[in-house]
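If you read the protein sequences in the order shown, they are chains A and B.
The first sequence begins at 294 in my numbering and counts up by one.
The second sequence begins at 294 in my numbering and counts up by one.
In short, the hints are calculated from the structure, not lab data.
One or more of the hints may lead you astray.
Note that identical chains are pooled: a pair holds if it fits in a single copy or bridges any two copies.
List time: in silico DSBU-like cross-link candidates among lysine-lysine, alpha-carbon distance up to 35 Å [stated by the list, open to error]:
1. Lys376 / Lys496
2. Lys375 / Lys496
3. Lys566 / Lys437
4. Lys474 / Lys556
5. Lys524 / Lys566
6. Lys375 / Lys388
7. Lys437 / Lys496
8. Lys375 / Lys419
9. Lys580 / Lys566
10. Lys474 / Lys496
11. Lys388 / Lys474
12. Lys524 / Lys388
13. Lys388 / Lys419
14. Lys376 / Lys388
15. Lys474 / Lys524
16. Lys524 / Lys496
17. Lys580 / Lys376
Number of protein chains: 2
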Amino acid sequence: MSPPAATDVIRLSVDCMGGDHGPSVTLPACRAFLAAHPLAEVVLVGRAEALAPATGWDRCHVVAATEVVEMDDAVEVALRRKKDSSLRVALMQLKSGADGQPPRAHACVSAGNTGALMAVARYLLKTLEGIDRPAIAAVMPNQKDGYTTVLDLGANVDCSAEHLLQFAVMGSALVAAVDGKENPSVGLLNIGEEVIKGNETIKRAGELLRAAAEGGHVNFHGNVEGNDIFKGTTDIVVCDGFVGNVALKTAEGLASMLSSFIKQEFTRNIFTKMAALVALPVLNHFKHRVDHRRYSGGALLGLRGLVFKAHGSSDAYAFEQALNRAYDAARNHLLDRVHDRIRDSLHALPTPASASGASSDGAALAA
Amino acid sequence: MSPPAATDVIRLSVDCMGGDHGPSVTLPACRAFLAAHPLAEVVLVGRAEALAPATGWDRCHVVAATEVVEMDDAVEVALRRKKDSSLRVALMQLKSGADGQPPRAHACVSAGNTGALMAVARYLLKTLEGIDRPAIAAVMPNQKDGYTTVLDLGANVDCSAEHLLQFAVMGSALVAAVDGKENPSVGLLNIGEEVIKGNETIKRAGELLRAAAEGGHVNFHGNVEGNDIFKGTTDIVVCDGFVGNVALKTAEGLASMLSSFIKQEFTRNIFTKMAALVALPVLNHFKHRVDHRRYSGGALLGLRGLVFKAHGSSDAYAFEQALNRAYDAARNHLLDRVHDRIRDSLHALPTPASASGASSDGAALAA
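Please build the complete structure, drawing on both the sequences and the hints.
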């Protein structure tokens, strides 16, 4: 389909059954999203009875799907058995019809099982030319009051140096499209800044990225460390999905511990409770600033279609943020940009030796 | 040397020149440490003029070393060129003399260059039988108001499954010795709890750990994720040094961002500053609770000698905590315990195919 113009309607297909809370979260989020975006439309996918509350909504189409991929379903179940799942049918909306009909939606959003979403999306949509493995990119807040885009966050374990390079190119296209930074900087996640640090894959990825930077294909900053994600040293941080997933989960775990400690300290006794009352506006402002729900919505990059993943535990606010990100990406022609950037970059770059044998694990990210 | 009895003198050798601040931090820390431990002695190692302030201190010996390993010196420089460095001479205090003299110190503490410390310690002290690669273990606070011991934190990249098993055994000995938990639980850091998750090395490490658990050698809990470090799901978390280092640095980066955000929020205007005054005791209590300096002091495990690493940026308080940990470890016979535990466990366990070719990177942890 041709890219949407600024005044065009953007249509999102939504897997309404996915996530820990299903329609009780996805429907209110869609409603709020529609209210905020007069040019948006949604295609709600799920069990007919579950979607009944949406009957009569404006700019809203309902597509029935009889099955649901559970959060703990194996990838194979989602791929081979549940062929009428809401997850799959929502993704189908991104494909052209057999009769040449254009796709019904510009982007798809799901809070469902990550491994299943990645596997089914890959099967249905295929990867872009030059891309062996799709990656999951998400943003984390940083000290510069912006955010850092990190990929891969768990779609791939055991990445080669070439894959890391592809992630750098895709991440650059994402940030250029969504944030309007034409030449975003890329850091390679490592255990030291020096070129000699890291394992063999990382060292080789560093070489490839430096070569790509010389060719003007990537704005490569060099090695970065875990703390640079939050310092905002670079716009983008690329890493193996195993490492990225551990970093993401570690950060989530620390944030959750610190927030429970703050709560405990302020509810310790009557004096600390009074202090909490006084400090409440400040604490709330702080809380809003680091609210992980604002950063909900990972992008599955490298597919021939725009797919966004909301966190499985999303509430309506978090799911709405994922819808917003999908909307922005579609409006800013992310798919074409990734495609163009890859075309411009990858023909000049090496391809992985084991490209065809590459397999995605996908089941890594928090379901 | 025979293990110290509860009433024995414990002697620590201290690399006084290491770290970002050298003697201006290490000397006050040693002084405070001596004051708090009437049975402790220290062997201060460094340039004679730098150690002059310690002249006349009680229970304090000074050993001159003319060179200093800089924080950015290559491992080779520390190993081959600076043979009279404070780092090396401090480690030498753990070795028996050529004339059969017992070692002068029970444990060594340095805030110096981690890679150099690991490499020189490994060269001088050698690894324990059954251990291919020493590992760096440190503790992180957890939600259960205890702490989680994590290893490896950067001494080794590209670990095999067998190495991860050795880390589990060494970590168990450390926690048993220092915390008195005889059968501490071990988690394998992964990207999902299910057995099928992770890369090939991790899956195989899971198999080895389950076998070791059946033999009663390790209390293996199963796979854990990054957030479990802070939840305190297990006493110990084992991982490849690359992954561990990224997790540690990511956590440090997030903590530092959050603390700067809190500061910003409370200094935004006159009202928030007043709120800060009221909330100050609570915030200070919180700050103390998560003060990373309390958790300073990584243990280098698997060597024939007790070596502790303080963070390069340690202030006197943080360095003193590292001295405390070294003191506790020596007093609780950590070296014998690790040795015994390995002897009891590893004879029943597989050894790595590539044991002799194993190389340690070491230069990973924050210098």
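Using 35 Å as the alpha carbon limit, work out where Lys566 and Lys437 are close: within a copy, between copies, both or neither.
both (32 Å within a copy, 22 Å between copies)
Legend entry - Intra- versus inter-copy proximity for Lys496 and Lys375 (alpha-carbon distance at most 35 Å): between (42 Å within a copy, 28 Å between copies)
What label fits Lys580 with Lys376 when the C-alpha limit is 35 Å: within, between, both, or neither?
neither (41 Å within a copy, 52 Å between copies)
Within a copy, between copies, both or neither: which one fits Lys580 and Lys566 at a CA-CA cutoff of 35 Å? Both: 17 Å inside a chain and 17 Å across chains, each within 35 Å.
- Within, between, both or neither, where Lys474 and Lys524 count as close if Cα-Cα is 35 Å or less: The answer is within: 18 Å in one copy meets 35 Å, while 37 Å across copies does not.
Up to 35 Å CA-CA - Lys496 versus Lys376, copy category:
between (42 Å within a copy, 30 Å between copies)
Practice task
If the cutoff is 35 Å on CA atoms, where do Lys376 and Lys388 land: within, between, both or neither? Let me know, please.
Solution key: For Lys376 and Lys388, the Cα distance is within 35 Å only inside one copy (15 Å; across copies 68 Å).
Indicate which option fits the pair Lys524, Lys566 if close means a Cα-Cα distance not exceeding 35 Å: within, between, both or neither. both (32 Å within a copy, 25 Å between copies)
Original post:
Is it within a copy, between copies, both, or neither that the alpha carbon of Lys474 lies no farther than 35 Å from that of Lys556?
Top reply: For Lys474 and Lys556, only the inter-copy Cα distance (29 Å) is at most 35 Å; the intra-copy one is 38 Å.
Exercise for the section: Could you figure out if Lys524 and Lys496 sit no more than 35 Å apart (CA to CA) within one copy, between two copies, both or neither? Expected result: Both, since 23 Å and 33 Å are each at most 35 Å.
query = Given identical chains, is Lys375 near Lys419, meaning Cα to Cα at most 35 Å, within a copy, between copies, both, or neither?
reply = within (19 Å within a copy, 57 Å between copies)
field: Intra- versus inter-subunit Cα pairing at 35 Å for Lys474 with Lys496
entry: Answer is within; shortest intra-copy Cα gap is 27 Å, inter-copy 40 Å.
Hints 12 and 17 from the list above are not met by this structure, while the remaining hints are.
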